[in-house]
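Residue numbers (our numbering), protein chains in the order written: chain V, 687 to 861; chain E, 32 to 514; chain B, 18 to 119; chain Y, 437 to 1065; chain F, 365 to 843.
Be a bit skeptical, because a hint or two may be false.
[What the hints assert, rightly or not] Derived lysine-lysine pairs resembling DSS-like cross-links, with alpha carbons at most 25 Å apart:
| id | chain 1 | residue 1 | chain 2 | residue 2 |
| --- | --- | --- | --- | --- |
| 1 | Y | K799 | E | K392 |
| 2 | B | K107 | V | K775 |
| 3 | Y | K879 | Y | K805 |
| 4 | Y | K879 | Y | K1011 |
| 5 | Y | K879 | Y | K799 |
| 6 | E | K54 | E | K136 |
| 7 | E | K132 | E | K54 |
| 8 | Y | K881 | Y | K805 |
| 9 | V | K764 | B | K107 |
| 10 | Y | K1017 | Y | K967 |
| 11 | Y | K645 | Y | K458 |
| 12 | E | K392 | Y | K1011 |
Worth flagging that the hints you see were computed from the coordinates, not collected in a lab. No experiment lies behind these values; they were computed from the predicted model shown.
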Amino acid sequence: MDPAFYIAAAIAILSTLMVITRYNIMHALLYLVVSLLAVAVVLYMYGAPFMAALEVIVYAGAIMVLLIFFVMMLNLGKESAERERGWLKPRIWIFPSLLCIILLGELVFLVLQNRQPVSDVIIVNPKDVGMALFGPYIIAVELTGILLMAGIVGAYHLGRQKQKTLHRFLENTEV
Amino acid sequence: MILLVLLLILFVAALLSWIVAAKSNLLCRWIALGSLLINLVIVLVIWVNHTTTADRWWYNFRVDWIPHFGISLHLAMDGLSLLMVALTFFLGALSVLISWKEIDKRVGFFHFNLLFVLCGITGVFLTMDLFLFYFFWEMMLIPMYFLIGIWGHERREYAANKFFLFTQAGGLLMLLAILGLYFVHGANTHVYTFDYFDLLNTPMEPGTARWLMLGFLIAFLVKVPAVPFHTWLPDAHTEASTAGSVVLAGLLLKTGAYGILRFVLPLFPAAAVEIAPLAMLLGVIGILYGAMLAYAQTDFKRLIAYTSVSHMGFVLLGAFAFNEIAYQGVVMQMITHGISTGALFIIAGALYERIHTRNLKQMGGLWTRLPLMGSAVMIFVMGSLGLPGLGNFIAEFLVLLGSWQANQWLTVFATIGLVVATAYSLRIMQKVFFGPCDRQYTLPDLNMREMVIIVALVIVIFWLGFHPQPVLNTSQNINYVVR
Amino acid sequence: MNVHPTTAGMLLAGVLFVLGLISILVRRDIIFMLLSVEIMLNAAGLAFVVASSHWGTADGQVMFMFILAMAAAEVSVGLALILQLYHQLKTLDSDEASKMNG
Amino acid sequence: MLPALIPVIPFLSAFILMLGWKQLSRAAVAVIGCGSIALSAAVAIGIAAQFAANGEQAIQQHVWTWLQAGGFRAGVDFRMDALSVVFVLVITIVGFLIHVYAAGYMHDEPDYSRFFACMNLFVGAMLVLVMADNLLLLYFGWEGVGLCSYLLIGFWYKDPANGYAARKAFIVTRVGDTAMGIALFMLFQYTGTLHIQNILESATQLWSKGDPTITLIALLLLGGAVGKSAQLPLQTWLPDAMAGPTPVSALIHAATMVTAGVYLIARTHTLFELAPAAQTTTAVIGAITLVLAGFSALVQTDIKRVLAYSTVSQIGYMFLALGCGAWSAAVFHFVTHAFFKALLFMGAGAIIVALHHEQDMFKMGGLKKQLRAVYWVFLIGSASLAAIPFVTAGFYSKDQIIWLSWSAAGGHVGFWLAALLGALLTGMYTFRMFFLVFYGDIKTKVHHRPGNSMMIPLYILAVLSTVAGFIELPHTLGHVTLFSNWLLPVLPAVTVLQESAILEWTSQGLSALLALSGIGLAYAWVVIHPKGMVDFLEMPAILWFRGFWARGWDFDKLYDVLLVRPYVYLSRINKRDLVDKLYTGLAQLMQWCHHMLARTQSGLLRWYILGVVLGAVAILSVLIWRIYI
Amino acid sequence: MSFADFISLGPLITLSAAVVVAMLLVAAWRNHRMVYGFSLLAFMMALTAIIPAIKYIPHAIPPLLVIDEFSLFNTGLILVAGFIILLLSFNYFEEREERKEEYYLLLLLATIGALVLVVSRHFMSLFLGLEILSISLYGLIAYLRTRERSDEAGIKYLMLAALSSAFLLFGMALVYAFTGHMDFPGIGVALRQAGYLPVSVMAGFGLMLIGVGFKLGIVPFHMWAPDIYEGAPLPVAAFIATISKGAMLVLLIRFYQDIHGNDYPMLWWIVAIIAVASMFVGNWLALTQQNIKRILAYSSIAHMGYILVAFLSGVQTGLEAIAFYLVAYFITSIGAFGVVIVMSSSLQDAETIADYKGLFWRHPWVATVFTAMLLSLAGIPLTAGFIGKFYIVMAGVNGHQWFLLFMLVINSVIGLYYYIRLVAAMFSVPAPGEQTMVTPALPMAGNITLVLLTILLVALGVYPTAMMQLIQQMMRILV
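One chain only, chain V, in its complex shape (with noise of 0.2 Å):
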């Protein structure tokens, strides 16, 4: 593999590292950006350009602004770091991170078992992702279509503003 592989993927383990370790949230969030960015270099090296592109613009650049936006209208400030470095024990790091490289043991033993014959990298270009996208799969982009539908009510009738909405009972006692 490229070296320019190994540098990306040292760089997205380091600042996703970055990302779960660090208290402020805003912090975090910039680091996964940077996390995102390395990845969408590992996505460019497996022949995927128009999928790096998109992890940069869509991930990096709306999802994750997203969450920025939103941490920034809650106002979440110091002692919402203060908080997290409380509840971030070091002791609270042990079991998890036991299990969970338990857990990656177990998957890096069972993908070593591959016995795929060593090949290169085939190169996707962008012109197949698209005949793909709008040839066989063009349901599957209807049904994105509807998931993203499903979000977007659900999103509207969550997130609308909260009026006083008491049930009639209680404003009928209460008032």
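Based on the hints, put chains E, B, Y and F in the right spot on chain V.
Okay, now just chains E, B, Y and F, sitting in the frame of chain V:
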């Protein structure tokens, strides 16, 4: 067809009495009583008109139900079924009578449940399709559960739950065995059916047969009940209302015994022979252990309940003796135990109505006040200790005589059971009717309705004791005795 | 080095996935948990692309796009829900949201 | 005449008395109760006359088939042969006399009707017992008399002690019945029938003499007989059975029921002859019982208990006779014993009533003057029991046994000595009782004199106790064998090994001497009681023995410790049923599982996520396990 | 897309169109009754759309979807179930939130997700169907925003669903990476051709099972179930219990059949352990639970375990048993939730056992219906549940799964305890002066629905032949 009618009469009467009860409790009771009496008359007419030379199976009735699985609505009657069904209707009618005054709340639902459970029991005795058998087997549990759980005494819910869980557990094992048999039969003959007659003589490996037989046997042992599966019984019998206790002791237990005779032995002859010593041992343990427990009880109904454990041990002993004498004894025991224990429960209920306790320590000297009741108890207590002249003696004697041919040591111990039976039986008389009486107030002795019930039972038990031949002739037709 | 590229890519995805998993396990802040899930989803997406590059088919990349769409929808609904919860509990501590148990 | 009428009449009258307990007047009850037995007796006498006239072997009657199943058949069949006739006559005649007596004795009893119903029922059952043609019907009667015994012992049900005695009687005899039941099973197993005649016929073909099987069967039958007849080791119930009204004691626990064992063994004598070991056992039991019971009778204070122990002792004689093969001697003793023991019991009853239900002999005394009629009949009875030579029936019947216990084929010198010792004891305890009651100072006032209905039966029995002996006289004294001849078709004549008149004389003389010296000792003890005698009796060792004997050799205590208490204790501690604990434990285990698992449903999101991760690890682990390990 | 494609996808397309129209309607004129009516109409139309589709089966729309008897049967089942849930919803929501209209949109969307699951045979459609279902459910579960428990349930479901989706995706990626296929038959063929045991693919299956297991609510992915059942609005809980699980199960069956799952004993082992654990954990947890919603949740965990026993039997009968059981389970669960719905007042849900104490003596018909439902869950004769359980046991015996069956028997007995406890509560005689908290609403529509469900339940219990024949025909295609 007439068999289906028997079931339908009960079913319709069950619904009708529930509906009618909204208007009139009395009418509801009469409907229940009437339906049972009609059925009783039908069965008796069948019995009287039946000639011994005829085919073993009468009124074979068969309609496809779920042909997909080879399940059919298959009813048939032979001597054993006839006797059991007659007993069912007889005790059923008495149960309605005994509840006449005792049950004054939710009368309609009570009779609905009572008739429904009787319908289920009748179904169990008549069906010749294993799926249908299981169906009825389970169907009778729910109304019985209600009979215990709604109209029972203080710890009724506990008792009802226990009863339900025990019998269900056994039932499910039986379901496994039924299905196992179904597939074994299907695999060997390529005919997939639940029909009893087809499943008879299913060729199978001895190992398979052993396991399948165990499935059936455990279900029936729970119902019979045999030690160590008996612990649901005292609770259920004690807590149930009088009619509930009568149906439980008189009929429900018989379904287990019936199952052993009808299914375990004929379906798995070889495996049954293998297990016989163990089953007989369980029977003997039941006889002695039940008697011992009965001796210690201070609750009248609980005491009677444990005597059931003891008496049903004879059924187990006889069923696995594999000879006709024992077999006839088992049939007799099923009937006479139903009569005598039912009678004792009825009297316990009548007594409870009068003195509002079941605690033997609070009784004593009641003979002065209740000589009629005392005489009745005396008769049935004597029945339960196996006094000749009463039906129980015939049953126990035949069982022991038969089982002696099969296993002598166990029979010796079972015979010792008669001695301990004497101990607990006489204890009843002593604690309840004899001894000093410190009650100042008078108690009403048996009233007309109770007299009718008791006299009917007394007549039957004496009839069975002095002239059991009609019963023996009827059950004789069955050549179940394997080996 | 002669590492199978698919294996290497899958391993990277696996490591990222597990890191997300550790994070979701140790965090109590709901936003952090949502973040961790995003890490995991992203790792899964990466795995698809890696697989796609091995077979040279576009399926994996198409799947990646759908994952992206799903992640977006998920985050939007999730944030709306977190907002509700924040209004009610006045905190983002997931342990506070444990009124139902037993 | 129909033999079936004999038991049916009492049954019918019992039935009528039970149903009419409210409606019937006392007089009607007495008439029905006694009349039925009289009728029955008349029929019995008629049949006996017919029997004697025609010289028939037996009269049989099939009433109906009781049950028939799988090769087993038993009918309600009656058979009257010589043996049955003897028993039937004794039962009906003595029974009638006792009934008449009871009509007076129980006059103040509120449950008059119930009493007579039970008594009639008893007579009916007893008649079935002795007339049964098959062992199952015999067993019916056997258990039926047990039931009536139970009902009548506990007749005064308000006293728990009576109830206890009644239960004890029933349960102890049931132990014997169990053995008998098993004997029945075995007989059916080998002979295929319970028909007595068939069994007796086939037994000789099936078994050679001394065959273990037949020995076992005979021993089991003996077990049944031992229970019913209150012989060692099941004798403990009879003294307690005295809790019942005195006519009951007279009828059931002296004259008839307790001798059912004798009847059974006599009836199945063929089997016993085939099993010499069993026969010897019978004799040994009889010998030991008669001595032990004699000692116990010697030290009782309750008049009825004296009689009870004496009954045990006298039945011991009968068993001894049976064991020696002297069948007719046993039956003869049964007859005379029925007469004089009924007489004694009823006499005692008359005394008891007279003294306002006082049974303690030490509170009686000096009654000779006050109850002269009773005194005389009681004297006759006592003399007969003590076997005063030549004039009493008891002498002839008992002496025959004493002699045959040595000389008969199954006899032994040890038996003879025991029997002689018994004769001494009998004389002692009988007259100790007699003197205690009728001599000495007046301790309790007589407040009620027995009426005619009570006294007339006593007179009749007194006569019978005297003259009945003359139907069977020993070789040495006239050699009358009316009785044994009568029984000859059924019971074989005894085989006497030593037909020596001298020896027989010696034996008779010795026994007569011993009986008389027993009386003398009693007289010395009770009436004269010199200082030395009293001192001797007050010695601590003797006192201990007196207590020990009075408690019936502590058999009660032995059974209590060995059987009753362990059983009661076990059943008490197991009242809640240990098996149930198993299921309760199971239910608790389920509950525990529930609570453990409910804690995992903590409501914490992180915890749920951890569950998912654990699941993931588990799945992959199982995968690796199934693939590689 | 061809005409045949359109007709075959009729129900799906009808519903999708209906959502859009409904959304527009809501945008134009908010009216609860109108949206309700329209949704009912949409369901009915979708149901009608099945009829023309029958003509074209089996019809594949490569690579994503396949419409055959099996999927059409389940489509119908889901639509009927959705229809009934919808019927029961009106009064429930009428009483509660001021904005009810979105509920219907989300319900329709969720149903679409479920329908996609039952027709899909490709990872992509699987994933999208699953996510449509999940994301709609986030909204539905937290729908009653004023209630704290709704939000809590929503966030829990969201987090866990996202997490399990991630596992599912990673697993799919592994499968894809090592087989090169995302369509089920392709994977099956690739596995058969591989010539060696594709361990990495198995790892992928294992991880996918987490996603599937989460939706099915089987151990150890079951922990959300009680909380979500308790917090979600009752009709939604009914939806989750039935449609969501049913659709996933259908998909699992199809997937398992296509990849020839029976060839891989390690998969059998994993599922077997899960099945046994589910039965025990579900029943144990329900044992002394006082909240009826939670009891139903736990019981559904156990019931999934029972279904897995049939699934593991590896015989044709097993699949038939699942299909039949599913029908019975749908009727029973919706019926049980329906009773809780009609029993709930506008103030609070009737969710504790105490609310049902002596119900039989106050509202005999409701109690009878509930009793029938509970007995069906317990598998007592005269109910569909009995035949269902019988069928499962039959399959197990046929497949010689004695150990699993034994576990099933033990668990049936444990399960009986809590069902019968509920029944006992309803039939117990309340002490004088004892008042329940909840005044039941008992709306007419709900009552009628319940009675119809009960009749259906008993009819299936007494005469199951017709349904069995239908299922048998349908399954012949699959195997």
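Going through the hints against the structure:
1. Distance restraint check for Y/K799 and E/K392: the Cα-Cα separation of roughly 37 Å exceeds the 25 Å cut-off, and the hinted pair is therefore not satisfied.
2. Our distance criterion of 25 Å between C-alpha atoms is met by B/K107 and V/K775, whose separation comes to about 23 Å.
3. Restraint check: the Cα-Cα separation between Y/K879 and Y/K805 comes to about 13 Å, which is no more than 25 Å; the hinted pair holds.
4. In summary, the hint linking Y/K879 to Y/K1011 is not supported, as the alpha carbons are separated by about 50 Å, beyond the 25 Å threshold.
5. With a C-alpha separation of about 5 Å, the suggested pairing of Y/K879 with Y/K799 holds against the 25 Å cut-off.
6. Between E/K54 and E/K136 the CA atoms are separated by roughly 14 Å; this keeps the pair inside 25 Å, and the hint holds.
7. Using a Cα cut-off of 25 Å, the hinted pair E/K132 and E/K54 holds, with the two alpha carbons roughly 17 Å apart.
8. This hinted pair checks out: Y/K881 and Y/K805 have alpha carbons roughly 12 Å apart, not beyond 25 Å.
9. Simply put, V/K764 and B/K107 have alpha-carbon atoms about 16 Å apart, close enough for the 25 Å limit, and the pair holds.
10. Proposed proximity of Y/K1017 and Y/K967 is contradicted: the alpha carbons are some 67 Å apart, above 25 Å.
11. The suggested pairing of Y/K645 with Y/K458 is violated, with an alpha-carbon distance near 58 Å, which exceeds 25 Å.
12. Taken as a hint, the E/K392 and Y/K1011 pair is honoured in the structure, with Cα atoms around 15 Å apart against an allowance of 25 Å.
Violated hints for the displayed structure, listed by number in ascending order: 1, 4, 10, 11.
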